[in-house]
Amino acid sequence: MLATRATKQAKAVLALGLTMACAIMGANCAIAQSASAVDHLPRDVQAHYKKVWGDEFDGNKLDTTKWAVPTGCFDLASGMEGRFRTDMVRQYDGKLHLLAQYDKNGKPCQAGHAAFSTGMVNSHYLSDWKDKSVAHAWGPGTYYEASIKLPEGNKNSGARATWASFWLTSTTFNWPASGELDVFESRGYDPSWLQANIHTRPRQGNKERSHQHQHILDRNIVGNTQTAFHTYGVLNKKDGTIEFYYDGRMVHRVTPDDANWPFAKAANKLFIRLNHQVGGLNEPYKKASPKDYEVAKDMQVDYVRVYQEKTAADKPQDAVVSVLDWRLRNKLNQAIAQVTHTKRGDAQPMLTSDLEKLTTLDLSARDGAESWEKIKNLEGIQHAKNLTFVSLKNTEVKDLTPLNSLKKLKSVELSWPLTINR
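For the sequence shown, position 109 (counting from the first letter as 1) is numbered 109 according to the numbering used here, and the numbering increases by one without interruption.
Worth flagging that the hints you see were computed from the coordinates, not collected in a lab.
Every residue, glycine too, gets a C-beta built ideally from N, C-alpha and C.
Incorrect hints may have been included.
Subject to a maximum C-alpha distance of 30 Å in a straight line, what follows is the list of computed DSS-like cross-link-like pairs (lysine-lysine) [claimed, not checked]:
1) 385 x 331
2) 310 x 269
3) 237 x 310
What follows is a set of in silico ranges between Cβ atoms, one per label pair, in the way DEER data are often shown [stated by the list, open to error]:
4) 287 x 228: 23 to 31 Å
5) 130 x 94: 29 to 37 Å
6) 48 x 74: 34 to 42 Å
7) 241 x 322: 37 to 45 Å
8) 386 x 345: 18 to 26 Å
9) 349 x 313: 21 to 29 Å
10) 126 x 48: 28 to 36 Å
11) 135 x 389: 42 to 50 Å
12) 216 x 94: 29 to 37 Å
13) 126 x 241: 22 to 30 Å
14) 74 x 389: 48 to 56 Å
15) 388 x 320: 18 to 26 Å
Taking the hints into account, I'd like the entire structure generated from these sequences.
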């Protein structure tokens with residue numbers, strides 16, 4: 001047990017969760033809420049989707065039950081110069097590394113170009129592969145997200161000819177009719193340039209050429225993609241609406257625009273593709289410089305996660321909440337009555353759905369209150385999962401553990417002296 005002593009009240013505004021509160025109080029209690037990438041999840045995904053697949057890239061070997069590694073040249077019409085090779089895909093330090101390097105002994109993909117070796121992974125086999133063991137793909141009602149740090153480059157050196165991307169294509173391999181979602185495409189020479197794009201079949205004309213919904217992200221939002229990890233996400237809603245996200249912020253939205261829109265079709269499954277390519281059609285570095293890639297350039301992926309819309313079976317059933325402290329039960333019933341504009345008795349049983357209606361909660365006791373009037377046990381409050389603020393002034397709470405699961409909680413008002421159980 002750790003005791004803290006003080007004579008004045010303190011209000012702790014918690015930017016990174018309740019761990020900060022313990023530090024403010026001088027207590028070494030173990031209440032953890034991370035400022036990890038989960039904070040970047042779009043609110044709709046946090047509330048209505050569940051994680052169904054992913055890879056955190058722990059260990060030093062790629063999970064070949066999740067990822068297939070393509071080899072060979074690709075999309076020469078777009079000026080791609082990299083030859084995909086298995087040795088350009090590596091995993092260590094908790095990350096996936098997709099490399100690009102000049103290969104002085106290699107064979108160029110196109111005449112008149114230099115030879116480069118590059119890395120790519122897919123979550124699904126390709127149409128001409130004999131090995132069909134890796135087959136992970138998802139239909140409408142799915143959110144895809146990856147945390148990625150791009151290789152450093154600028155207009156004069158580095159990975160300036162890199163064309164790194166995170167994209168999705170269909171298991172029907174009927175492109176462009178089956179669609180393509182480019183979560184992002186990048187240009188190595190410009191760390192603030194990102195494009196989100198959608199490819200679909202043209203409504204008129206050449207059916208082999210795609211109709212595109214391009215969007216270049218605001219540079220002020222993007223910042224620098226090459227000096228830190230950022231999250232890139234795309235949400236394919238059940239109705240086929242497509243939303244693109246950068247660090248949890250929606251940056252582009254496209255609604256279905258014709259009867260052949262592929263992304264609302266349940267049978268149209270999309271799989272993940274991550275690649276580090278060089279070359280392409282982007283000026284001014286259409287042709288990569290061997291000198292820039294003598295040392296391998298590294299596209300790092302911290303994780304990939306897939307979420308799908310929850311079904312009725314995934315949603316918790318309403319249940320009566322056990323509240324051990326009668327003073328807490330009284331306060332909770334009073335708060336529920338206030339937000340629902342109903343009459344409730346102090347001892348009335350409450351359901352999880354009742355507690356989920358609360359966003360702020362004042363559990364403080366009046367100045368000069370006797371000990372018997374003060375809340376001592378928070379058990380049961382963990383079901384009020386939408387709380388953003390709680391006041392614990394003048395309470396005799398000894399254990400903050402029930403607050404640990406309140407992911408939306410941003411601020412707790414505390415009084416000293418206070419005793420905390422670790």
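Violated constraints from the hint list, given by number and in increasing order: none
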